[in-house]
Structures are given as C-alpha cells and as structure tokens.
Amino acid sequence: MYAYDRHDQTLVEERVEQFRDQVRRRQCGELTEEEFLPMRLQNGLYLQLHAYMLRVAIPYGLLSSRRLRKLAQLARTYDRGYGHFSTRQNIQYNWISLEQAPDILAELATVQMHAIQTSGNCIRNTTADPLAGIASDEIEDPRPYCEIIRQWSTLHPEFAFLPRKFKIAVTGATHDRAAVQVHDIGLKLVRSVGGERGFEVWVGGGLGRTPRLAQLVQAFVRKRDILSYLEAILRVYNQFGRRDNKYKARIKILVEDLGIGRFTELVSNEWNQIASSCLELSDAEIRRVGRFFRSPDYESLPDMRAWLVRAQLTATPQFARWLASNVLPHKQRGYSAVVVSLKNHGAPPGDCLHDQMDALADIADAYSFGQVVVTQGQNLLLPHVPTALLEEVHRRLGEFGLGQAHAGRLTDVVCCPGLDYCNLASTRSLPVAEQLGREFDNQDFLHDLGDISVKISGCINACGHHHVGNIGILGVDKGGEEYYQLTVGGSAEQDASIGKIVGPAFARGDVVGAVRAIVNVYLEGRESAEERFLDYVRRVGISAFRPRLYPV
Amino acid sequence: MLKRMITANRTADGRVVYLAEDGTWSRLLAEGAVFGDASDLDRALAAAGRDAARVCGAYAIGVRVDGARITVTVSLREQIRAHGPSVGRQERRVVPTA
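From first to last, the protein sequence lines stand for chains S and D.
Each residue of the first sequence is one higher than the last, beginning at 1 in our numbering.
Each residue of the second sequence is one higher than the last, beginning at 1001 in our numbering.
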C-alpha cells in the first residue's frame, strides 16, 4: 500500500490549515457562500438537503485496517455513526458540520487520507479494478499506475478548472471490473504483439443525461508515456471542451462533436510536443511505486478449489449460497477474495456502521493481511482470505450483519442517495432499493436467478449508474409525482452497453412489480439456468418484455 | 390554504431551518413565519439573503395551513427536508445475519 512521503504529508497538512482558515472566514462572514463554494468543493464538502456532506477519497478503493478504523472513528465522532461507500470507491459522511470539517480533514491526514479533488471540475479520484493485484486474469497490477496518476493529477495547476469533472479508471485485467468504458478516460493494461505491456486508452465514456461508451483513441501507449498521453488528452479537453453549457461540457460531448479521428489527431499533435519531457516515466520510478503494491507474504496453502465446489453442495444453505455468490477466485493458491455485502434491509445500499467498520478492520487483520477494498458495487472486499478459513470469516461477518449472501444478485442493488439526501435529485431511489430487497427476499429464488445487476438513479445525473444496470431504474418527476423509467440490457463490463428503455415509466407503487414481471419473463424464457439475464436480453430484445409490462 | 414560508440551510451545520416571526431561524417547520402577502415575503427574502453568516440559499416554499397550524409542506423535496430521509431513519444498529 502506498505510504506518503514528506511531500505528500506536507501538502495534505498545509491544505487542512488553509481550509481551516477558509472555514473561519466563512463563519465570521468575511466570505459569502458564493465565494466559499469553490473552496469547500475543492475539499470535498458539499451542502446537501439536510447537512454538509464530506466525500473522502479512497485512492483506487484500497484501505488498510488502520485507515478503516479511522473512518469508523470519524463516523462515530462527527457523523451519526455510519458512512456511505460510493460507486467511485469513496466514502461519504452525510451529517457533517462546517465547523468540524477541518478537524475531520486533520484526522484524515494522520492516516494519509484527504478529500482533495473529490468534487469540482477537476480530475477526481482514480478508480481501479477491485480485484487489482489478486485477479488471475490480470496482465499487470493497475494500482501503481493509479497512484502515479493520483500524484500527477493532485493539485495539477493546469487542470484545477476543467470544463467539467473528469474521471479516470484503470484495469489491468481482461475482464473489466472497473467500468473503463463509461469513464472520461479508461485505461486497460494490454500486451503488444511483441509482448511489451502498455495501455489501451479509451476516451469519452460517461453516463448522466447523455450516456456514451468510450471510444478507443490509442491501441497502445507505452507505460513510460502514459502521463504525457493523459496530459495531452486533458490539454485538448481543457482547450476545446465547452464551458458555455454544463450539460455539454464533459469530454464525451467534445469527442462526439469533433469525431474520434479529429480528436485523436489533436491529442497526437499535443502529445508530440510533450512526450519527451519530465512527464516521461522511468522504469525506476515505475518500480519504486510498484514496490508499495507488492503481494503480501502468502503462506503456501493447499489448493482448495475442489473443496469449494463440494461445499457449495454440502454446506448449510446459507453458507453454501454465500460461497457461491460472495467468494471470488484468487490468483494465489489456497486464497479467496470475499465480497462483504453492504446491502441491509432498512439502510441505504453502501451504508456501513462504525462498529461494522471496526469489526471489518479486525477481521481484515486476522484473515486478510489488514487490507479491505471498496468496490464499485458499493460493497467492501476482503482481498486475501485463506479459503480454508472461509466458514470462520463468514461466521464473524454474520455477527456484525455483514454476512448476506447476494453479491451480484438482484438485491445487491447499486443506488444513489436520491431525493432523500441529494440536492440535485428529483425523486427518491432508496425506498425503491429497499422495496426490491423485501420483494426478492426468498434466497432460493434469488440464487436461482443468477447474476443480475440492478442500478437505481434518482435523477438524470445517473449517479446510480442505471444506464449500465442489467436492469436500470431512473426516477423521473412528473408533475410532482415520482415515476420510474426502466431499462434493460445495460452493462459496465468488457461487453459494455447502455440499457434500452422498455417503455413508459411506472408509478412508484408499480415499479417493483414491473421488475418482478421482467424477472418472470426471463425465468420463463431463458434457455437454461446458464443463460444469464443479460445474455437473454441480448438474445430476445426488449420487445419480449413489453406484453407483460404493458398488457393491453 | 396555501401560504409561503422561507427556508434555508444553516451555515454552521447545513441543517434545514425556517425563518421565524422574530427573525431567528428555527429547525422546526411549525415555528416558521407564514407569509400571505407577497411584498412582505419579498422583503423577508431579501433580508435572509443578506444573512450569509447564519444561513445560505434562502428561498420561499409553499406550505399548507389548516386553521392556525402549519401542517405539511407541499413538495416532496420540502417534506423530506422538513422530516428527514424516508429510509434509514430508525436507529442504526448491527443486526446479525448469520
């Protein structure tokens, strides 16, 4: 795990004191809210419906148990006892006071964390494959490059006021778990024909009111050139991106307006001027950063794959289902990765209580080399659990309400805060997620369905990523009434696609029934249990759902 | 009948507040001053806009008044602002799953 050097630490600590002074000036009236707004946003502080919300960056989603305990303490001391893990691998605190915000940032600095660039029109937290470093389909661990990008982009003077926010995701695996095609820039580590490792560069993806999949701008960029290539893209965007209309200001609109050919040409022209500059990464620097992400000292453990298969048939139903849905393969023999569900009845998806965080930190220390990863699915992940100890880990997680067996299943819902918390939302999303959890509570039914991603957004800004849900739910306000538009067929993985709208929106009271109808059509029509919901939708199209959803 | 009230977020902690008769800001909808006259409302709004150290983003909302009591705000957004999130309002505590 990366450890700050004195430059990082000084920067973060000085930033805390700078913000403390800005808060003081705001409180005594020296600064108006209009003047203060960009300052607080640059420090991750939003003003939401009920209170200030602080978004804390978790670079590439990786947490040590020490940092997780600090997040628990912050939730306990400064919030209402919980935090909310987001789809961009960050944590948000929903009930923060302005006066205490600098103290929270000072506490974060003691564990080498901050909230810089978690808001505003700048380069946001770089995200990565949650299975980075442990996936067997990985070409190379993407986290060293995420860290290099983090350092390059932090307080980059040229990119502090971009036309709009800018998000970068990196994967080093063939299976895309980082949603690179729906990011402003998506980087995939690939091998060239000659065997050299470098980056495939995708640009112009994004969701929101204009969902677009990214386009390939460069099939191979050498690792040493990745920063200069990113800088060239950002310079083109900074110069030509629209600033007159915030709804047309994301890079996806620029790429579309220019055409990918012209956009690539502009980037290449810029790149030619800066490729051989201080931005060029030396092998020594890549190795230096890479050393922070070395694998832990795994024990030599027996291969447990046969046991895993057998246990899914012979263990207690609850444990067997958990093994099937929440345990993922690990590249190291005898180890597994465990998805820890943060989808509890009665609580928003992604919410985690302070005592759950503390418990998870203890469990991580005991079973996972002290590491925890935040996933894009608003869950947490224990990355290095000895397979032989899974039953023990499941039991301990269960004691703290963290043992639900539904990762990847229909009730593992991704959901934005919606109108219950968000200033921008037009409808509520959380009650829909809760109703879905209750409607599909039958575990046998849920597991028979297999993997179905459900993603819910409370407005067109699409923070719940509904466009790329296998089933997407978008809340729309119609004359003061909440309605919900359903899409099917979305995916954020390597076969990324934008879901298609099935038809007119449903009233609040009908939306869960509509999801039930979609599921029933799939169950009746799938060729076998092996045909995933997404594959079924792609085979039959959305018209297969309409008769059941909109009977004449 | 439909009346108006002024709401904002308190600068110190962001909490939802309502302008009261005496010019203070109350956390309680029921303590908010109700405006029937448009010019009174405009004057109060302008004053609220100048009260930047205490509140930010002051604006008028519609409220329904039954007799002498204010009952509910009109829009869903304002109902949620007045009463809190509709999910997760109960005491949060660990419930074992296994």
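The set of hints was computed from the structure by calculation and includes no laboratory data.
We put the CB at the ideal spot given by N, CA and C, even for glycine.
Certain hints may be false.
Stated by the list, open to error - Taking beta-carbon pairs under 10 Å as the criterion, some of the chain D residues facing chain S (in silico):
1. Asn1009
2. Thr1024
3. Ser1026
4. Leu1028
5. Val1095
How the hints compare with the structure:
no. : hint    : result
1   : Asn1009 : holds, 6 Å
2   : Thr1024 : violated, 17 Å
3   : Ser1026 : violated, 15 Å
4   : Leu1028 : violated, 14 Å
5   : Val1095 : holds, 5 Å
Checked against the numbered hints above, the structure violates hints 2, 3, 4; every other hint is satisfied.
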